[in-house]
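**Student:** Line by line, the protein sequences are chains H and Z.
Just so you know, the working numbering puts 73 at position 73 of the first sequence, and the rest follows in order with no gaps.
Just so you know, the working numbering puts 71 at position 71 of the second sequence, and the rest follows in order with no gaps.
By construction, these hints were calculated from the structure, which means they are not laboratory data.
Please note: incorrect hints may appear among the correct ones.
[What the hints assert, rightly or not] Short, incomplete list of chain Z residues facing chain H, as computed with Cβ under 8 Å: (1) Phe-73; (2) Gln-85; (3) Gln-88; (4) Phe-90; (5) Met-93.
[To be verified] With a straight-line cut-off of 30 Å between C-alpha atoms, the simulated BS3-like cross-links for lysine-lysine are: (6) Z:Lys-92 - Z:Lys-71; (7) H:Lys-109 - Z:Lys-71; (8) H:Lys-302 - Z:Lys-92; (9) Z:Lys-69 - H:Lys-109; (10) Z:Lys-92 - H:Lys-5; (11) Z:Lys-199 - Z:Lys-230; (12) Z:Lys-17 - Z:Lys-69; (13) H:Lys-109 - Z:Lys-230; (14) Z:Lys-17 - H:Lys-109.
C-beta atoms are modelled at their ideal positions from N, C-alpha and C, and glycine is treated no differently.
Here is how the chains run, residue by residue.
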Amino acid sequence: MMAKKSPWPLIAMALWVAALALAPVTLGNYEVRIAISIAMFTALALSWNIIGGFTGYPSFATAAFYGIGCYVGALAQRAGVPAALAWLAAAAFVGGVSFVLGAIVLRLKGHYFAIGSIALVDISRLVVSSWGEVTGGGNGLNVPLLEGRPPEVSALVLHVMLGIVVLAFLANVLTDRSRLGFGLRCIEQNEDAADMVGIDTTRYKIAAFVLSAIFPGAVGAVYASWVGYIDPTDSFDILTTVKVPVMAMLGGAGTLLGPVVGAVSFVLLEELFWANFLEWNRAIMGAIVVALIFFLPGGILKLDWRAILRRQPRRKAAERKAG
Amino acid sequence: MSILELRNVSRAFGGIKAVNDVSFTLEEGEIVALIGPNGAGKTTLVNAITGVHTPTAGTVIFEGQDVTKQKPFQAARRGLARTFQIVQPFPKMTVLENVAASALFGGHPESLAEAHDHAARELDFVGLGHVAQSPASSLTLPNRKRLELAKSLAMSPKVLLLDEVNAGLNATEIDGALDLIRRIAARGVSILIIEHLMKVVLSLSSRVLVLHHGELIAEGPPQEMVHDRKVIEAYLGPKFAERFQKEMAGA
Chain H
1 MMAKKSPWPL
11 IAMALWVAAL
21 ALAPVTLGNY
31 EVRIAISIAM
41 FTALALSWNI
51 IGGFTGYPSF
61 ATAAFYGIGC
71 YVGALAQRAG
81 VPAALAWLAA
91 AAFVGGVSFV
101 LGAIVLRLKG
111 HYFAIGSIAL
121 VDISRLVVSS
131 WGEVTGGGNG
141 LNVPLLEGRP
151 PEVSALVLHV
161 MLGIVVLAFL
171 ANVLTDRSRL
181 GFGLRCIEQN
191 EDAADMVGID
201 TTRYKIAAFV
211 LSAIFPGAVG
221 AVYASWVGYI
231 DPTDSFDILT
241 TVKVPVMAML
251 GGAGTLLGPV
261 VGAVSFVLLE
271 ELFWANFLEW
281 NRAIMGAIVV
291 ALIFFLPGGI
301 LKLDWRAILR
311 RQPRRKAAER
321 KAG
Chain Z
1 MSILELRNVS
11 RAFGGIKAVN
21 DVSFTLEEGE
31 IVALIGPNGA
41 GKTTLVNAIT
51 GVHTPTAGTV
61 IFEGQDVTKQ
71 KPFQAARRGL
81 ARTFQIVQPF
91 PKMTVLENVA
101 ASALFGGHPE
111 SLAEAHDHAA
121 RELDFVGLGH
131 VAQSPASSLT
141 LPNRKRLELA
151 KSLAMSPKVL
161 LLDEVNAGLN
171 ATEIDGALDL
181 IRRIAARGVS
191 ILIIEHLMKV
201 VLSLSSRVLV
211 LHHGELIAEG
221 PPQEMVHDRK
231 VIEAYLGPKF
241 AERFQKEMAG
251 A
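Whole structure, please, built from the sequences with the hints as guidance.
**Tutor:** This is the structure we're talking about:
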């Protein structure tokens with residue numbers, strides 16, 4: 001299984017990242033904004049993939065890591081730390097937090113773990129809202145703006161986000177091809193059996209949880225610098241936490257390119273519905289999600305395109321025979 | 001030298017003592033059968049030995065070391081392997097990958113390639129070499145049981161706990177399984193086998209332990225155990241046991 005892997009996912013990913021990176025040169029402000037959104041959610045979905053896809057633990061904690069990242073980055077910058085360092089600090093801090101939280105919530109399995117991970121988002125939000133002296137509470141925090149003209153700032157944010165995407169993707173590739181990934185796949189398929197063949201399941205799960213947390217931490221911090229203002233409801237948004245797994249599953253959870261494809265499709269669809277159906281967009285989005293889960297449980301990448309293309313001629317042939 | 005020793009091991013679930021004050025030893029290279037009616041606590045005893053359920057009292061000693069508080073993965077790495085009564089494959093992996101996972105995590109391979117080689121050897125040993133590349137979920141029940149065996153063998157175990165590996169097999173398949181277990185024993189692996197089929201117990205084991213209501217009620221050579229009053233009572237109840245023995249004496 002790990003002997004020879006196809007290089008195509010890596011090549012496809014490199015081309016895609018390069019194309020997005022060129023957006024500020026070739027496209028307008030609106031498109032760059034969408035590109036940033038795509039990059040952000042791609043990084044989040046790729047991170048989720050490690051715990052939710054490879055390990056099979058349906059985590060809804062993404063917004064907790066993202067939100068803590070927002071605040072750590074913002075607070076560090078307000079204390080005078082340069083932006084780049086603040087972003088790294090946010091990633092490191094969130095990594096530490098996820099290590100501690102993971103040791104607690106990863107004792108839960110299945111639905112219980114899902115609920116427990118949602119609770120992490122709410123608890124983090126409550127702590128941040130009530131700890132007014134440090135976090136500004138419900139009033140939110142102003143974050144020092146990045147220097148430069150708006151288009152330059154957008155280009156910078158896009159490129160930093162794409163950098164995180166690349167790192168998150170590499171983390172996926174390495175996990176996929178290593179002993180860690182093999183162990184995580186065993187856990188996903190049968191945790192008791194994994195334990196019984198000598199896998200230290202607790203350690204492996206925590207490793208996956210931490211890997212799935214550090215990139216959202218960094219994304220949150222970069223986002224805070226970009227928008228210049230954060231508050232608890234926006235940072236710890238329950239909708240973010242639900243969207244990210246949906247994206248990964250839409251493309252194909254547990255695959256390398258699935259989260260990438262899923263994030264692009266979802267962001268573009270969402271944008272399309274926002275623009276055209278202002279009042280109904282959430283309902284349409286919801287219907288699409290339900291339909292996808294029913295008809296495409298393995299995600300877009302697991303679709304057997306060849307079978308679909310073949311079906312058409314075969315049906316025609318059958319009709320001819322009958323006639 | 002005894003390789004596995006249980007000293008007064010108990011495991012309670014709330015007020016129920018599923019395993020109560022069980023002591024026995026397993027000698028190196030020995031095949032011992034553990035029998036008992038349904039619900040006697042046989043699987044719980046295996047779980048207590050391998051750390052799935054830590055014993056609530058008593059000590060488990062493996063190779064002279066106290067391993068009572070071990071976790072299942074530690075048991076596996078030490079060479080204390082088990083099979084499950086209900087087979088537990090990794091369904092989406094191939095048969096070879098299933099066994100390679102055991103070799104990689106439970107054994108001590110130098111590399112992944114070596115783990116694969118080891119896995120392939122064990123598959124040939126249990127007679128599954130021809131389906132190595134099939135998905136584990138496509139196997140028939142007898143072959144799944146063999147896969148379980150290959151997975152535990154890939155960890156190079158010193159002690160193997162077999163939890164009803166023959167349940168659900170037909171007569172021919174059982175003969176094949178018996179031969180396989182003998183060949184495993186010939187490799188120097190000590191075996192504790194949980195079994196309902198007396199044919200298996202009588203033809204394989206040198207000693208039988210009888211568990212009833214969580215307690216060890218008898219221990220001895222298999223031929224003696226099948227005529228032991230307490231054992232017959234445990235299976236049939238005192239009334240039938242009496243009738244049965246009278247009939248046996250008459251015949």
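**Student:** Looking back at the numbered hints, which does the structure fail to meet, lowest number first?
**Tutor:** 2, 13
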